[in-house]
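A.B. asks: Here's the letter readout for the chains.
Protein chains: 2
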Amino acid sequence: MFTQSKAVPLKQVSINNHFWSHYTKLVREVVIPYQWEALNDRISDAEPSYAIQNFRIAAGLAQGEFGGMVFQDSDIAKWLEAVGYSLALTPDPHLEQLADEVIDIIALAQQPDGYLNTYFTLKEPGKRWTNLFDCHELYCAGHMIEAAVAYYQATGKRKLLDVMCRYADLIDSVFGLEAGKIKAYDGHQEIELALIKLYHVTGAAKYLNLSKYFIDERGVAPSYLLQEFEKRGRITHWQPGIVVSTPNLIYTQSHLPVREQKDAVGHAVRAVYMYSAMADLAILTEDQELKESCLRLWKSMVHKQMYITGGIGTTHHGEAFTFDYDLPNDTIYAETCASIGLIFFAQRMLQLEVKSEYADVMERALYNNVIGSMSLDGKHYFYVNPLEVWPQASESNPSRHHVKAVRQKWFGCSCCPPNVARLIASLAEYIYSSNEDTIYTHLYIGGEATIELKNNQIQLQQESNYPWDGSIKFIVSPQNSQNFTLAFRIPGWSDRIKLHVNGELIENLKIVNGYVLINRIWNDGDTVLLDLPMTVQLIQANPSVRSNAGKAAIQRGPLVYCLEEIDNGQQLASISLATNSKLTAAFDANLLGGIVVIEADASVEAAEDWSEELYRPLKKNVAPLRIKAIPYYLWGNRAEPGEMSVWIRTV
Amino acid sequence: MFTQSKAVPLKQVSINNHFWSHYTKLVREVVIPYQWEALNDRISDAEPSYAIQNFRIAAGLAQGEFGGMVFQDSDIAKWLEAVGYSLALTPDPHLEQLADEVIDIIALAQQPDGYLNTYFTLKEPGKRWTNLFDCHELYCAGHMIEAAVAYYQATGKRKLLDVMCRYADLIDSVFGLEAGKIKAYDGHQEIELALIKLYHVTGAAKYLNLSKYFIDERGVAPSYLLQEFEKRGRITHWQPGIVVSTPNLIYTQSHLPVREQKDAVGHAVRAVYMYSAMADLAILTEDQELKESCLRLWKSMVHKQMYITGGIGTTHHGEAFTFDYDLPNDTIYAETCASIGLIFFAQRMLQLEVKSEYADVMERALYNNVIGSMSLDGKHYFYVNPLEVWPQASESNPSRHHVKAVRQKWFGCSCCPPNVARLIASLAEYIYSSNEDTIYTHLYIGGEATIELKNNQIQLQQESNYPWDGSIKFIVSPQNSQNFTLAFRIPGWSDRIKLHVNGELIENLKIVNGYVLINRIWNDGDTVLLDLPMTVQLIQANPSVRSNAGKAAIQRGPLVYCLEEIDNGQQLASISLATNSKLTAAFDANLLGGIVVIEADASVEAAEDWSEELYRPLKKNVAPLRIKAIPYYLWGNRAEPGEMSVWIRTV
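If you read the protein sequences in the order shown, they are chains B and L.
Counting along the first sequence from 1, when you hit position 356 you're at 355 in numbering that gives the first Met the number 0, and nothing is skipped either side.
Counting along the second sequence from 1, when you hit position 231 you're at 230 in numbering that gives the first Met the number 0, and nothing is skipped either side.
Honestly, the hints are just simulated from the structure, not real lab data.
Among the hints, a few may not be true.
Copies of the same chain are indistinguishable here, so a pair counts whether it falls within one copy or spans any two.
Unchecked claim - List time: in silico DMTMM-like cross-link candidates among lysine to aspartate or glutamate, alpha-carbon distance up to 20 Å:
#1 618 x 494
#2 122 x 428
#3 182 x 286
#4 618 x 607
#5 453 x 435
#6 24 x 639
#7 298 x 161
#8 196 x 103
#9 354 x 611
#10 290 x 436
#11 205 x 103
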């Protein structure tokens with residue numbers, strides 16, 4: 000069987016869990032309304048978005064000029080997509096009305112032939128499809144398709160879906176191998192995965208085929224993107240008026256056909272969006288070669304180029320991968336969107352083959368990089384997610400200007416905030432997958448799910464205080480008592496698990512690909528108790544990662560921890576931890592909304608005996624220091640900007 | 000007394016020492032001829048210089064267009080200056096004839112009114128003095144003045160000196176506070192220190208005054224450089240045709256009057272050239288305020304922003320300082336020219352006040368950063384001098400592209416190679432200084448010196464195998480037996496010294512400001528034996544330097560050591576050294592021309608038990624490793640590019 004399981008759709012899963020209910024509520028009640036204000040340029044002291052205004056102008060409802068980035072439309076799309084997911088789980092007539100109004104404006108902005116892009120409509124009307132390398136035309140289309148699908152699935156309303164089908168049909172008539180079409184693809188992958196979604200809701204094979212065309216055509220020599228660049232006169236959208244050097248095809252993963260790509264390279268977000276579509280197509284077209292490409296690129300990325308927080312992208316130059324084991328903590332990029340894309344890719348790989356590593360990575364990126372990118376108040380965001388921060392360096396060393404020590408209200412290029420919103424709003428569909436006779440639990444997020452097996456429907460209730468506690472209870476309610484399998488992921492971080500069914504400890508667990516499989520006749524009210532002992536661990540990096548030599552990170556369950564200046568003083572690099580330190584975990588109800596804090600006895604270089612000298616003969620002089628670590632995702636939520644570090648020196 | 004001592008001039012000091020004779024000979028026999036070939040674009044596979052050709056075209060001796068950087072003239076100037084110093088000590092009729100021919104061309108390129116700059120003469124004839132911020136016009140003039148002075152002092156020939164006096168007079172008529180003059184200064188300081196030299200050889204106060212004017216006017220509000228920028232239409236030489244954002248005055252140290260500057264900021268080479276002129280002016284005009292500025296800026300630079308190799312400049316963005324204690328080893332800049340300028344500044348500070356710290360820094364920069372920038376064959380150069388190199392990162396991580404893992408044959412911007420040549424060729428004048436009754440020895444470089452005291456002339460012969468051995472012999476030959484003082488610097492790295500006069504151990508040494516002072520009646524043939532025990536030291540950095548936390552560098556005498564991959568394997572970061580390790584120094588006659596190598600028992604993380612994983616629970620598994628360190632200045636002189644590291648983890 001080519002496909003091992005399918006995700007359980009959003010509408011069939013609810014989230015009811017202390018940790019995540021906070022986030023889904025935050026997204027619903029704060030993030031979506033806040034971002035609506037941002038998209039309408041009503042956040043004081045923040046960079047304006049122009050996104051709604053652009054659509055209003057293109058719709059003939061306002062006067063003015065296009066503002067913001069060439070891909071500004073996509074911010075509205077991602078916001079609408081988040082609204083769709085939110086409405087799917089929690090109806091909200093006021094929000095739905097607002098969304099309908101936005102959709103009305105979008106529909107008005109659509110051109111008679113179906114074209115929909117406010118930048119080209121307002122600013123360069125005659126220049127459609129002339130700068131695919133720079134201008135994100137199909138990328139914006141992709142995001143709006145995703146929004147249309149989500150909104151349709153949530154509300155049953157077809158208006159935006161119809162708009163986007165018309166646009167997709169126009170795109171289909173413009174791009175392809177057939178005579179008279181442009182043999183091209185976008186500089187920023189995104190439409191490929193969106194078209195798969197459009198195929199799923201419409202059943203129209205043309206969208207699947209168009210996606211497959213874009214993936215297959217990419218990187219074919221001679222390069223369309225280079226020919227287009229020459230034809231344009233070697234100019235770029237980004238530096239108007241000057242002739243520039245030949246663009247780097249690696250940046251857009253168009254240097255080789257995707258089936259020949261061996262390493263994860265180039266712009267990280269483009270890469271993972273593309274890999275996600277490749278995995279989708281491998282599933283749908285049962286394409287073994289494409290599957291092998293996905294496996295290879297997954298390994299290159301996850302085994303050699305991923306930060307411990309699930310961040311990817313080492314350098315801000317092109318927001319890109321560099322090379323194996325190059326994972327500096329200070330000049331890092333680790334864009335929020337890239338980790339979100341990594342989760343998309345992991346979810347699809349899980350459908351291709353159920354292996355716990357995919358869910359492990361999904362969990363790692365989710366609990367660390369992604370939620371860490373947003374402040375607890377839901378109104379401030381990181382674009383870059385560093386593992387080491389020295390605020391003065393962020394300010395005064397240009398190599399670290401991109402690393403902000405505090406979350407920002409909004410960005411000129413604000414791709415990340417609505418991306419977080421849509422991921423959290425749709426989180427429920429990442430928890431389970433199933434096939435004819437097995438239900439897989441990938442994430443330990445409490446709530447209720449309704450899952451169809453062959454000839455049966457199962458209610459599965461999950462209860463836990465995860466990620467603070469590893470004890471997870473499942474209550475199984477099949478429509479009919481029947482033999483099937485429940486499969487629970489054993490996280491990579493858990494060294495031993497215990498499992499009880501109806502109170503009875505199960506010995507000799509059957510474990511396949513990192514999942515414990517319980518096959519039996521399940522009756523209404525059966526319970527499974529899964530115990531994942533959450534010991535505090537010191538983690539080390541492969542010695543090929545030069546940046547982490549001699550260092551360890553603290554991890555407990557899925558959460559990576561960090562030290563902050565506010566708890567541990569300045570010069571965090573002066574702290575060292577014995578490798579056999581006793582690490583104590585304790586719940587602190589008063590800190591940051593209630594979290595498990597980790598403490599340990601460590602040492603710190605005593606600074607007081609230093610005078611003005613910069614160098615001196617080595618004189619060991621360390622003082623004891625009780626250190627306190629908090630979950631990485633919560634750093635920067637207190638007081639003034641301060642130092643932060645994930646990796647701690649060990650002795 | 001405002002001035003405590005004066006440098007003993009080049010012509011009165013010869014170098015005769017195993018270590019340095021190699022370098023002075025190399026400069027004479029290889030570097031100067033090689034650079035002559037480079038300046039004539041005759042080095043294959045190297046970036047062309049165009050420098051000589053530009054002068055030939057400007058002189059009417061060839062046809063063509065200006066090539067290379069706007070400051071390309073300065074490469075010829077520095078080369079000629081090096082030739083001057085070399086000829087001062089070692090006559091060479093062939094080289095002198097060649098230099099005379101070059102000077103003839105330069106003279107022909109001078110315009111009727113005295114103006115001399117091939118870029119503006121050939122490429123922008125009407126644009127003189129319209130872009131002082133970018134175009135290095137006075138910088139180039141400064142370098143050619145330095146060349147003229149050096150060549151005149153070496154050969155007594157006035158031709159280039161006359162050319163440059165005419166040009167300096169033109170400059171004097173253009174710039175100044177008087178009505179009708181431009182109230183400006185150059186974007187790249189250099190002419191200020193050059194005019195002091197011109198004043199010294201000509202005795203003409205106008206040159207001293209012009210230098211003082213440039214220094215005093217710099218940074219006065221409203222900023223001339225900003226006004227000029229607006230007047231030009233906000234364009235820059237470096238990105239033709241586009242309007243750019245307001246230039247950063249900090250980059251050119253013109254953000255404040257120099258007397259108000261507190262921190263060493265901006266482009267490092269500009270800074271130290273300016274500080275050198277400031278120290279010169281403080282000496283010559285007995286300007287206490289200027290002296291205090293120099294003291295303050297020295298401290299900011301040397302106590303807070305200097306690498307252990309004497310490198311300065313933390314970032315390649317603007318080749319600049321960043322802020323206190325920000326000294327990353329991998330994304331470093333530490334340009335060769337900046338360390339050379341630091342030596343210029345230190346030498347002048349030593350004249351203002353004799354304190355061993357100045358000479359310590361001079362020695363540190365000289366023996367590590369500066370000579371390390373040139374290969375042993377004299378034909379390959381570093382521009383950036385890193386303390387940690389991972390060749391793959393230099394190639395594949397854009398934040399480290401500027402850090403080359405191998406020395407280059409030449410550069411498009413080739414300021415550094417001729418700068419090294421002129422420094423080494425003039426090294427003899429950094430060794431001693433004197434006043435009426437004291438001779439100070441700052442550097443332990445063997446050879447002979449003739450030094451004038453009040454009513455006496457002293458021959459001082461220095462013999463040693465420094466820097467390999469700390470035993471230094473001086474033979475004193477005064478014209479007349481007389482009471483005077485010999486002062487010998489006690490290097491910062493030496494913890495205890497012994498001193499014998501005529502074989503007799505001197506107890507209770509009188510030490511003032513880091514110099515041991517021997518005051519007695521000196522007779523012909525008296526000997527002083529100074530013993531500086533060269534123990535191998537582990538050096539640590541101030542804990543505020545986050546990059547070096549938990550690390551140590553190996554130093555022996557003035558030499559900083561490093562590990563190279565060729566001796567110690569890959570993944571140098573995996574190596575750790577116990578702080579109480581026994582470090583063994585041994586002379587290896589067969590390695591790199593004969594050097595003292597340092598070995599120690601260390602540990603290395605065993606890599607063999609790692610599989611494909613990137614992270615895992617910490618498992619200490621170290622293997623013993625005998626490490627071998629070589630002097631930093633010799634790294635990259637063997638085989639293929641490999642890893643290199645100065646700082647070693649300690650446990």
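A.B. asks: Next, verify each hint and record whether it holds.
C.D. replies: Here is how each hint holds up against the structure:
In the homo-oligomer, the alpha carbons of residue 618 and residue 494 lie at most 20 Å apart only across protomers (14 Å), although the nearest pairing inside one protomer, at 40 Å, exceeds that limit. For the identical chains of this complex, residue 122 and residue 428 are neighbours neither inside a copy (39 Å) nor across copies (66 Å), given an alpha-carbon limit of 20 Å. Neither within a single protomer nor between protomers do residue 182 and residue 286 lie at most 20 Å apart by alpha-carbon distance, with minima of 22 Å and 73 Å respectively. In this homomeric assembly, residue 618 and residue 607 come within 20 Å of each other (Cα to Cα) only inside a single copy, at 13 Å, whereas the closest approach across copies is 34 Å.
For a Cα distance limit of 20 Å, the shortest separation of residue 453 from residue 435 inside one copy, 5 Å, qualifies, whereas the shortest one across copies, 105 Å, does not. For the identical chains of this complex, residue 24 and residue 639 are neighbours neither inside a copy (27 Å) nor across copies (58 Å), given an alpha-carbon limit of 20 Å. Taking the shortest alpha-carbon separations for residue 298 and residue 161, neither the intra-copy value of 39 Å nor the inter-copy value of 70 Å comes in at or below 20 Å. Neither within a single protomer nor between protomers do residue 196 and residue 103 lie at most 20 Å apart by alpha-carbon distance, with minima of 22 Å and 77 Å respectively.
In the homo-oligomer, the alpha carbons of residue 354 and residue 611 lie at most 20 Å apart only across protomers (16 Å), although the nearest pairing inside one protomer, at 56 Å, exceeds that limit. When the C-alpha separation of residue 290 and residue 436 is checked against a cutoff of 20 Å, the pair qualifies neither within a copy, at 24 Å, nor between copies, at 85 Å. Taking identical chains as interchangeable, the C-alpha atoms of residue 205 and residue 103 are never at most 20 Å apart, the minima being 26 Å within one chain and 77 Å between chains.
Consistency note: the structure conflicts with the earlier hints numbered 2, 3, 6, 7, 8, 10, 11.
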